[in-house]
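> Each chain, written out:
There are 2 protein chains.
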Amino acid sequence: MHPASLISKLPRRAVVREMGLRDGLQSVATIVPTAAKLEWIRDAYDAGQREIEVGSFVPPKLLPQLADTGEVLAFAQTLPGLRATVLVPNFKGAERAMAADAEMMLVPLSASHAHSLANLRKAPDEVVGEIARIRAERDATGARTRIEVGISTAFGCTIQGEVDPEEVVRLVQAVLDAGVDAVSLADTVGYADPAMVSRLFERVLRVAGERLVCGHFHDTRGLALANVYAAMQLGIARFDACTAGIGGCPHAPGASGNVSTEDLTYMLHSMGIETGLDFDRLLALRAKVVKWLAGEPTHGTIWKTGLPKTIKKEEAHA
Amino acid sequence: MHPASLISKLPRRAVVREMGLRDGLQSVATIVPTAAKLEWIRDAYDAGQREIEVGSFVPPKLLPQLADTGEVLAFAQTLPGLRATVLVPNFKGAERAMAADAEMMLVPLSASHAHSLANLRKAPDEVVGEIARIRAERDATGARTRIEVGISTAFGCTIQGEVDPEEVVRLVQAVLDAGVDAVSLADTVGYADPAMVSRLFERVLRVAGERLVCGHFHDTRGLALANVYAAMQLGIARFDACTAGIGGCPHAPGASGNVSTEDLTYMLHSMGIETGLDFDRLLALRAKVVKWLAGEPTHGTIWKTGLPKTIKKEEAHA
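Chains as they are written, first to last, in the UniProt record's numbering: chain A, 1 to 318; chain B, 1 to 318.
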């Protein structure tokens with residue numbers, strides 16, 4: 001292996017997909033008003049973000065923070081070129097997403113049996129069955145909504161502990177067979193390290209190829225950016241992130257903090273990987289989000305230290 | 001490039017070299033009493049650490065925090081198998097290190113002209129000349145003290161900005177020609193990203209080969225562990241770290257925080273790379289250091305969240 005190949009394999013361009021409005025807000029007690037959410041989306045859009053998960057079609061009783069997802073999605077759909085994603089935990093949510101003409105819906109599927117029961121009250125294979133019904137419904141209705149399955153707890157689980165990589169590969173194959181458009185791998189609880197990422201993404205790439213579209217890393221134990229780097233070396237060029245590093249999973253104790261949008265963007269800019277993002281605007285948006293979530297834990301590093309002197313503003317805004 | 005080669009290239013074993021007593025303490029105002037330093041070294045030794053930089057032979061007027069380096073070194077030399085390192089900024093310091101029979105002395109050489117002037121009041125090539133005189137003195141006296149040159153600001157500088165990789169390679173070649181035993185590359189101010197690390201280490205490996213022995217990364221902007229991973233992929237298997245992530249450089253504003261010993265150890269253990277370190281003892285030592293440095297900034301992540309459920313105690317103690 002010649003080291004140069006490590007570099008040349010990296011993508012030229014990567015997408016930072018904003019998860020703050022869904023993965024972030026679902027795990028904080030504060031309910032952000034709809035108007036602030038629209039301002040968030042507008043600012044993120046103005047900063048160059050073109051993929052945003054705007055909420056979740058779950059019963060408002062379960063997640064009152066996301067009860068306004070329909071309204072938020074409708075606003076996001078007015079912004080040209082913005083790919084607005086919604087999370088749907090089940091068939092009913094998928095029906096709502098398709099009825100709302102969402103461009104994409106993300107269906108979570110836990111590779112951990114125990115997490116799946118805690119999070120969705122269904123075993124993984126029951127979820128696979130539901131995903132197949134969602135695909136059939138889309139075919140029947142002619143909806144355009146793309147289906148991405150996010151394999152959660154793909155690197156281990158705070159409830160169950162070990163998650164067998166075999167099981168991850170099996171579930172990926174099962175949902176591909178069920179006709180989903182894309183899959184992503186999520187380190188829901190911050191257990192992954194770069195070697196695990198390298199191994200698992202490589203195995204899943206063998207079965208999913210270009211349909212493996214995204215890596216979702218939590219920075220619970222400080223390894224999210226190292227994990228992003230490991231996945232990028234395999235050509236992965238889309239990563240989920242949350243403004244101010246908010247996020248987690250209500251059923252995964254200790255799983256605080258998606259990798260922060262600002263930190264991920266800084267690393268990509270520093271490496272010369274284009275994101276289309278305006279760093280100063282991301283920082284300004286971060287400040288707003290921190291204000292809206294006053295008292296909630298936030299994360300991230302680069303907002304404290306600022307960009308290196310060696311990063312030119314033009315590059316940072318590339 | 002087959003991904004498997006990324007993994008197989010990683011070292012099986014890596015050394016976490018403790019820098020807290022030197023790089024850490026030199027940048028904090030608190031003066032840790034000698035007795036506490038000896039306790040620190042004893043605890044680090046009991047946790048499995050076998051390479052510790054115990055201080056710096058600089059004039060006590062400049063760094064009163066390290067005025068007891070001679071005494072601390074003498075204690076460290078009583079612990080079987082411990083490689084105690086001292087930093088020496090000049091010929092005079094090197095004479096003291098050799099007189100004290102130190103096993104290794106680390107001579108800093110800034111690749112940034114501006115940082116070199118600020119830190120040592122000498123241009124880089126003057127420092128190279130002094131290093132040659134140190135080597136000649138060692139030959140003349142028959143001292144056993146090995147000479148490692150740490151190329152600081154190798155990835156950029158808060159004063160000067162850009163540092164030309166060409167200049168880093170030139171200086172490495174110059175000190176190798178001057179007869180030093182080893183070189184290391186330091187991201188003194190936290191400007192490096194994994195792609196930069198990959199490129200620069202690869203270039204320096206071409207001229208230094210096995211004499212490039214160590215990577216020194218500050219976590220100022222959250223990329224230290226990603227940078228360690230990038231260097232490990234090139235076979236580098238020794239990394240500097242500071243307990244509780246303390247550290248920095250008094251002449252590099254904003255350069256806070258060596259990568260924390262605990263976080264680095266966690267990543268290595270998670271990846272199955274042996275360190276010989278006892279994780280619980282490292283955490284217990286961290287708590288002591290934080291107490292000794294009450295009020296000073298500390299860093300790190302894993303002490304807050306604990307090890308993943310998937311890491312068995314036996315593995316963590318490997």
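Because the hints were derived from the structure by calculation, they are not lab data. Misleading hints may appear alongside valid ones.
To spell it out: a stretch of chain B is covered by chain A in this simulated footprint if at least three of its residues, at any positions, have a beta carbon under 8 Å from a beta carbon of chain A; those stretches are [unchecked claim]:
(1) 36-49
(2) 188-198
(3) 285-299
Each computed DSBU-like pair below joins lysine-lysine, with the alpha-carbon atoms no more than 35 Å apart [to be verified]:
(4) A:K309 - B:K61
(5) A:K309 - B:K122
(6) A:K304 - B:K92
(7) B:K309 - A:K92
Each residue gets a CB set at the ideal place from its N, CA and C atoms; glycine is no exception.
> For every hint, state whether the structure bears it out.
To see whether the hints hold, each was checked on the structure:
Taking a C-beta to C-beta cut-off of 8 Å, the segment 36-49 of chain B contributes 0 residues in contact with chain A, too few for the three needed, and the coverage statement is violated. Under the rule that three or more residues need a Cβ within less than 8 Å of chain A, the assignment of the segment 188-198 of chain B holds, with 8 such residues. Residues of the segment 285-299 of chain B lying with their CB closer than 8 Å to a CB of chain A number 0, which falls below the three-residue condition for coverage. Under the criterion of a C-alpha separation no larger than 35 Å, the hint pairing A:K309 with B:K61 is consistent with the structure, at around 31 Å.
Using a Cα cut-off of 35 Å, the hinted pair A:K309 and B:K122 holds, with the two alpha carbons roughly 23 Å apart. The suggested pairing of A:K304 with B:K92 is violated, with an alpha-carbon distance near 39 Å, which exceeds 35 Å. Distance hint between B:K309 and A:K92 is fulfilled; the C-alpha atoms sit about 34 Å from each other, no more than 35 Å.
Comparing the model with each numbered hint stated earlier shows that hints 1, 3 and 6 do not hold.
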